[in-house]
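With the hints as constraints, model all of the structure from the sequences given.
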Amino acid sequence: MSESTTALQAPKDFGFNADALALKDIAETFFRENLPAHQLHQLVAQDSNLQNGSACRWDKNLWQRIIDLGWLMAAIPKRAGGMGMSAVAVAALVEQAGRAALPAPLIPTLGASYILSACGNDNADKALNLICEGKSFSYAASSQGGSWEHTDSEVILEGNKLTGTVFFVQDAQKVDYFLVNAKQDGEPRLVVVPANLHGLRVNPNTIIDLTRDQAYLEFDQVAIENSQIVSDPGQAVAALEEATPALLTLVCADMCGAAEWQLQTTADYARTRKQFDRNLGFFQAVKHPLADFMVAIDLARSHLYNAACAIDYEPEFAELYARMAKAAANDAASYGSKKSVQLHGGIGFTWESFVHIYLKRQLHSQSLCGDAAYQRQKMAELITKGEKNI
Amino acid sequence: MSESTTALQAPKDFGFNADALALKDIAETFFRENLPAHQLHQLVAQDSNLQNGSACRWDKNLWQRIIDLGWLMAAIPKRAGGMGMSAVAVAALVEQAGRAALPAPLIPTLGASYILSACGNDNADKALNLICEGKSFSYAASSQGGSWEHTDSEVILEGNKLTGTVFFVQDAQKVDYFLVNAKQDGEPRLVVVPANLHGLRVNPNTIIDLTRDQAYLEFDQVAIENSQIVSDPGQAVAALEEATPALLTLVCADMCGAAEWQLQTTADYARTRKQFDRNLGFFQAVKHPLADFMVAIDLARSHLYNAACAIDYEPEFAELYARMAKAAANDAASYGSKKSVQLHGGIGFTWESFVHIYLKRQLHSQSLCGDAAYQRQKMAELITKGEKNI
Amino acid sequence: MTEKAKRDTPEQEDFRRYCREWLATNVPKPPNFKPLKSGAEVATEEHLAYYLAWQRSAYDAGLVGCDYPTEYGGGGRTRCQLVANQEMLLAKTPIFPGVIGLGMAAPTIYFHAAEELKRRLLPKLLSGEELWCQGFSEPGAGSDLASVQTFAERKGDKWLINGHKIWTSTAQFATWMILLARTDRSDKYNGLTYFVVPIKSELGKSVTVRPLIKITGETGFNEELFDGLEIDDALRLDDVGKGWQVAMTTLAHERGAGSLTTPMSGGQGSEEKRDTSIAGFPLLKLAQQCTRNNKPADQDPVISDKVMQMLVRQVGIKQHRRLRGVSGLAEYQRFALQDKLLSTEYVQDAAAVALEIEGPSGTLSNFDKHAPDNGKWPLAYLSSFGSTIAAGTSEIQRNILGERALGLAKSK
Amino acid sequence: MTEKAKRDTPEQEDFRRYCREWLATNVPKPPNFKPLKSGAEVATEEHLAYYLAWQRSAYDAGLVGCDYPTEYGGGGRTRCQLVANQEMLLAKTPIFPGVIGLGMAAPTIYFHAAEELKRRLLPKLLSGEELWCQGFSEPGAGSDLASVQTFAERKGDKWLINGHKIWTSTAQFATWMILLARTDRSDKYNGLTYFVVPIKSELGKSVTVRPLIKITGETGFNEELFDGLEIDDALRLDDVGKGWQVAMTTLAHERGAGSLTTPMSGGQGSEEKRDTSIAGFPLLKLAQQCTRNNKPADQDPVISDKVMQMLVRQVGIKQHRRLRGVSGLAEYQRFALQDKLLSTEYVQDAAAVALEIEGPSGTLSNFDKHAPDNGKWPLAYLSSFGSTIAAGTSEIQRNILGERALGLAKSK
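Chains as they are written, first to last, in the working numbering: chain A, 1 to 390; chain B, 1 to 390; chain C, 1 to 412; chain D, 1 to 412.
The hints are simulated quantities; they were obtained by calculation from the structure and are not laboratory data. Treat each hint with caution, since some may be false.
Stated by the list, open to error - List of simulated lysine-lysine pairs, BS3-like, C-alpha gap at most 25 angstroms:
1. C:LYS376 / C:LYS37
2. C:LYS242 / A:LYS274
3. C:LYS410 / C:LYS188
4. A:LYS274 / D:LYS412
5. D:LYS412 / C:LYS410
Laid out in structure tokens, this is it:
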């Protein structure tokens, strides 16, 4: 690609402009003030009985404030009533939410807003209006085996009725609507379904992550109207593919933020904890893993903003870059989560420590939208497919 | 496998008996006295010009002494005039040779002796006699792409004439005979060819490893006699498969010995070298990699002796265990070689240091008989194939 | 069994016969709960009643403390505990609840306590009448055990104890604690003294025991606060200032490297035919049952490569333990020192690979009916940090390896 | 270019125009040998003659030392070296042979030498008439530079120098050396003093220069023995005992973090269209051309996974350098400190993956006609240790990161 043939040249600064900076700064302050780690622990870790792992632990008042700040519509185009922020700005916002391990359907709703924006028809725009009004969404598409592909949903749409089960739906007990991937004549269609619709059963999973909830949805001949179908015939896959880079960057941003919390918290412990008459950080067995973790985070963040910038400026590269970002974020998180617990020693093994909350959230995030090996496999396919253009 | 159905139960001590111990002790002393590292350096590293990387640098007098000790026939059955030592004993011998990075065709000749023993006919026994008389052999089978399979040779046997090229032949300039894998009617046959046969061209490669030589052999209508064909019709692959575990353990043993030299030499440096007013070994960035290297070596050695013992007692498991051993040896060598140079600092980057000789030998060994990923792929295939028996 | 019997001394031979006979009729029925695998897991009164009854019965039959002198409640035999242990394992007996007492407190008391104290403590320890716990670790003294700060202040022939111990198994049931305390702040190693202190009788007074919740949400450890506990000088082991050396006796026996054989029973509830074949490798089984984008995960070459990496390590550890006993091929000490690091890191890494195989299903806990392998892997991963942290972290293990097996300078 | 030009001061603008005009007619013809990429690679008299002529010509035209005062042979301009460098790079000029002099000795002399010494040394340094080398590292002083033992003993207003320096590029051509020497054995950091010492004139007398052979068999470094070299006190920089601080000026300029812009030219022989696309990723290309058991290596999923891992790192490094400049998204210092570790470890690991892709063909050196990619990868792997060891080993880099970016306690 020569310079002259590209209309939009990716800016060196990722297009991280004053608006984006302001959004990031507000988010940083908001979460620091409203959800410090000890408060998070009180919110999600009061109950240590794993049997209650299907509980939905969140602060609805905090969520209302987030709605009031307009963050749900950050990524919605202005034509549909949203803020129309760049993907880079949204990434910066979500990074701050991830640093706080926010238990709320922010990422699912932002993700759905990208899919709905890509659908680009009146029904979809009406759904976007709901988000602008403060309603939350979660995208539901996974098979029982947990497929990461967009074409593996096991829900059937036939005669305007939904039947079947969809798995691994994020924050299902928190959201107002589901954006369901259902197959009509073997082709995916996207359907907006209110969470309280008759005939829809939300079955919470018992999960490890304390900051999320997850469920499988059973549809038993659930009648829907045409206005609920938000993808034009044959267009769902294209819309989903267009939104894929954004879905990936949202998770990556969350993971990068969480990883930075893990790094800083562990470094703080290493600066203060003494063993053998020295601060832990003196020992290279502590110092070097922390240095490596930092490097991994910063690589992942570099990929994250590159991918987000590509969404804004070079959409033809966005999926490739976003998959790189997820691969890098997964590698950073798996290495760093492990070290954050290990280097805390005994206290890191206790429930009262905060590090396990982030460890568990990162483990969960690692499985979302595909793990690192999956991303690399997709990368290789993309490169082979587009050999001449990349 | 229940205890009662197995005739030969693998002994807890790997069958490492007094004979094996004696062989190992003699070898250890022999190499310590006759080929210390500084002498090895003089032997193979006088000339630092890589352009001369096809040179054959070895000590023929030392080789004659090895012949006189009978080590070439260690693995040859007594019925064929050999010593009939166990695979475990042979592994212990080769481990000591590897520790000295012996530049000589010991492994190729021992390897050929295993293949020839598996052939089990008069022609093969005659070839074994040559080894007992002190002649050296190298097995030649590889395609230009470096295939590790036994059925990919590109040499053709037609009308008692050999035609074609075989690649990556080890110590080709040193040996007296080649054991050539050639295809007759699409089926591998094994042919013994004197190295000085008319019509055979030995083309030395220019290689990185200073302790070996390697060549590709060109056969241009080379006439052979029936007595040179050592595998019965249709039996070559079976013989090669029978010998495969031994071929693998020989390389593993060499690598484990070399790795132990790398470990001890680097640990020695860490015990004596001072920086920042401390012995290097004080620093965990030095100590912990050395500890990890040691653990990797000892795991690889455990696999090595398990595989060798299986050759002797449980041949049905020998290939699986030998592939595990090579995977473990490769992982240990690649990690340890890197650390042995890195932890030597500046001096490790010089030609006058000894560590690069071992680094280069290990890199070469890693590619022999397949790398770690290849071994693991084969393991998975073996397990799938033999699901019920393993 | 036959092989072992062959090497028995006459005393051992007789005793083995006796044990076998007694066990033939005296192994208790399985409990109503899932049998425990270690005394450290005892969590309820129901557990306690069942296992204490068994320890008492085995003690009365002479199978516990066989090698201790009779004046301390033992059997007065020579190297017979080993025989009893072997026979109890074969007979698939329940475990003993008093593991800290039997394995750590008893030998320490035996080697370091005054005669009177031995006579007072050991019989009830062996019978299980009194349970013990271990008070070594503190919030500020983990890897660096010698930095304990729990202070014992001398008041005539009394000691006044203040401080905070942590990571204590079964403290909620213990009558006694073995305690490492500081008696001199000016000398790190020689400022330590070793005591046995009453716990149960002081609860709600100068001793508080609180359960600790693990990263998995499970309990199993406790912490103890000492707020002016007063004890007699007679409860001191060895001299003032010799605590570190006494603690080394305890730790040596904990690691199985001590000179006294710990009474051990077990085997109850162990499955008859555990699949230890290579084809039964748990990660391989898991990969066969999990799907990755609707294809069997074991057919994904990258997943398969990782499964095989773990298999190589698992088999390697088994062979490593085999090789270390072969003189001429392995230095025993060098190999033995690697064992903890090898096995605990393997368990952690294997669980991480399992989570990768499971993909989204790895988010499910053991209480979710859709979880593969009944949700054991996320829990296994979380639990694995207990092993890479406790009893010398992996970092400390690498120090030990570098220093003891390679002779490198100490890092501390 | 246009963007840069926009920000030019009037002086820079004029000078840029002048440079462009001069370069339009004065860039020398390519040499008969393969153009070098750095002055440190100068190895033969032929190299030397060609590049010295270019430096002289560029110096005479005012493109070298533009920002140094005229009394020291400079151009007396302000922030114009940057402009000259940009224009020389665009014009694809040859490199300068005097890199140590221009990049390290000149700024150090400028900031720390006495007036007379500056006037004596700098003009010939800038013109290339006299070449320089750097005498810091010693066999016993690698990572720990402050432990240098080369001793300078004061004899009235002379100094007597004995010792051993190592890792010195182009010492065989150097007239002068910047030398860090010990003048007081009782104080590690304050016992160092910084000198400039004659090399060429003393060869065969009190100075010996010997080539060092690298792990690859190539030369490129030297070691020097000082056997009673006597120099004038006038060749001292800054005060006795201030050597460490002076050395910091040198190192800051070496890392490009100094206040004076180093004259740099280059670009000659660089290929017009280097394939920097993702599809042109070298390891991917290599995997496509290599076979693995007679199948294309890039179709092996495990190999492909490793290639993609390296691609993620390579693109990541590029984006890392991009992100570090964006305030609000990255702390510049934290990112900048990571750069050396990131890039040198990447090069090493990429070469290792290449060897894995090549399989048996990876045994072949660059002199074997069958070697894939002309045998560059084994050499690249061996050479990579130069980068992970020199200028602060990877281990030291991690110390720096932990200490400066995370505020952890110093490890030394």
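Hint check:
1. C:LYS376 / C:LYS37: 17 angstroms, holds
2. C:LYS242 / A:LYS274: Holds, at roughly 24 angstroms.
3. C:LYS410 / C:LYS188: 17 angstroms, holds
4. A:LYS274 / D:LYS412: Satisfied, since the Cα-Cα distance of roughly 17 angstroms is no more than 25 angstroms.
5. D:LYS412 / C:LYS410: 14 angstroms, holds
Of the numbered hints stated above, none is contradicted by the structure.
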